[in-house]
Amino acid sequence: MSRRSLLWSAAVLPVAAGCAAGPDRVRLTLATGLAGGPYETFGRRLADELQRNVSGLTVPVLNTSASVQNLRLIGSRDADLALALGDCAADGFAGTSPFTSPVPVAALARLYLNYTLLVAANGPYLQVADLAGRRVALGAENSGTAVLGERILTAAGLAEPAATRYLGTDGAIDALARREIDAFFFSGGVPIDVFTALSRYAPIRLLPLNGLAAGLRRDYGPTYTDVVIPAGIYGQRTEVPTIGVPSYLVAHRDLPEDPAFRVTRAIFAARDRLPGPETPGAYLDERFAIGTGTVPLHPGAQRYYRSVYG
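Heads up, the sequence shown is in the working numbering, so the first residue is 191 and it goes up one at a time.
No lab work stands behind these hints, which were simulated from the structure alone. Check before you lean on any hint, since a few could be wrong.
What the hints assert, rightly or not - What follows is a set of in silico ranges between Cβ atoms, one per label pair, in the way DEER data are often shown:
(1) Arg407 x Gly246: 41 to 51 Å
(2) Arg463 x Gln317: 37 to 47 Å
(3) Phe478 x Asn312: 29 to 39 Å
(4) Asn400 x Ser266: 34 to 44 Å
In this text, a Cβ means the ideal position worked out from N, Cα and C, and glycines have one as well.
Build out the structure end to end from the sequences listed, making use of the hints.
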């Protein structure tokens, strides 16, 4: 997706980070995710709440491929705020792959925990190793899911499956239903309505990812954690061990302190109205929101948390 189409899709003109849109107004562009996906759903609700709770603030929303593209938009000043997986945010801050140079990013809050789903067609697939030589969709290109999918396959010793494709969630579900792929990765909250519906008419299997988080932490940083998908969520009889990665709300590090403070404060004022998955670690909480790993908190966010903790 080109920069021009991104900007026109939001029906706004680009503005410098934190730039006033009028004498008493500020416009902060928020980069989210694919249309209809969890980041866009969360992001649009977040934008509505910010505009409701912060006087003079307008928050246009950009649809994107999600984490990697969002961080690049922060770096180019084409977005002021963005949603991003914690591992991608850490990579962007450090300037390590998939980034070629450091991104001037700072965190406002750790939002909620994403659960990694490796969804396979019902067949001879019981573990990641069974996908050797099979067709696997990684996620949308320039998404954090695709980055994580590649890392998981590598950690499982499947660095080169027969074919990997970049597909967003809708495309991956359609491709799996048509047997054009054998499995796909997804990162988001649990449960996800579309997977619940899929599991009712097309048998699927969630492949366990146990034992892989430690290797990911060793190779890529501390953001990966061991979590389980509760039994019965998608018709499975037992818990499915998998990998959790937090989502952050990030900003350009040069966003002025006062807008950053007011945005952070407004997030917590609206926490009960923001969509959140019904899983442990899902809900916004000041005690965990400051846990953004190697990505530094923005001074405006620090100011808010100090006002809470004293």
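Assessment of proposed distance window 34 to 44 Å (beta carbons of Asn400, Ser266):
holds (39 Å)
Lying within 29 to 39 Å: is that true of the beta-carbon distance Phe478 to Asn312?
For Asn312 against Phe478, whose Cβ atoms are near 36 Å apart, the range 29 to 39 Å holds.
For the hint 37 to 47 Å, verify it against the beta carbon of Arg463 and that of Gln317.
holds (40 Å)
Hint check for Gly246 and Arg407 - Cβ pair distance inside 41 to 51 Å
Between Arg407 and Gly246, where Cβ atoms are some 42 Å apart, the hint holds.
Taken one by one, the earlier hints all hold for this structure without exception.
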